[in-house]
Amino acid sequence: MTNSKYSRRATLLGLSAALAAPGIARAQLLTPNPVAPARRNASSFVTQNWRDHFKTLGKGVIVADTFSRALHYWNADGSDYRIYPTSVPMTDDLTKRGYTEIVRKKVGPTWTPTKSMRERDPTLPDFM
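Residue numbers -27 to -1, 1 to 101, in mature numbering (1 follows the signal peptide of the UniProt record, and there is no 0), belong to the letters of the sequence shown in order.
Fair warning: there could be bad hints in the mix.
Okay, derived cross-link-like pairs now, BS3-like style, lysine-lysine, Cα gap no bigger than 30 Å in a straight line [said to hold, decoys possible]:
#1 Lys88 / Lys32
#2 Lys69 / Lys88
#3 Lys28 / Lys78
#4 Lys79 / Lys32
#5 Lys79 / Lys28
These are calculated hints, taken from the structure and not from any lab test. Keep in mind the model is a prediction, meaning the values are calculated, not measured.
All chains, please: the whole structure from these sequences, using the hints.
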């Protein structure tokens, strides 16, 4: 065995350090992102534009999108846009289409099933 400056062990250590150096340098260059990540549309909701449906926002607008099963809400100045998941009526003839406006709001409203709802499901309670 000869006594030389170079050995297999030193060569392997040097190569492994050289290969690891770019990863270590890259890890130190990354800075945390101060901005929150963008929200992802994981539920397949299709975004809407209120201008496609209304002339003004008024006190706020709601668009019920039966295709993507979502309810879209904009407040009066347009600074707040929210999407809520919804369900869809059992059949297409039960789907109400068109425009309406909210004329009265009541906290904790009561609800009674309609006659046609009772015909479809007689187990519904008389009053909720």
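Here's how the hints hold up against the structure:
1. Lys88 / Lys32: Distance of about 34 Å is beyond 30 Å: violated.
2. Lys69 / Lys88: Between Lys69 and Lys88 the Cα gap is close to 17 Å, so the pair holds against 30 Å.
3. Lys28 / Lys78: holds (23 Å)
4. Lys79 / Lys32: holds (17 Å)
5. Lys79 / Lys28: Cα-Cα ~27 Å, so holds.
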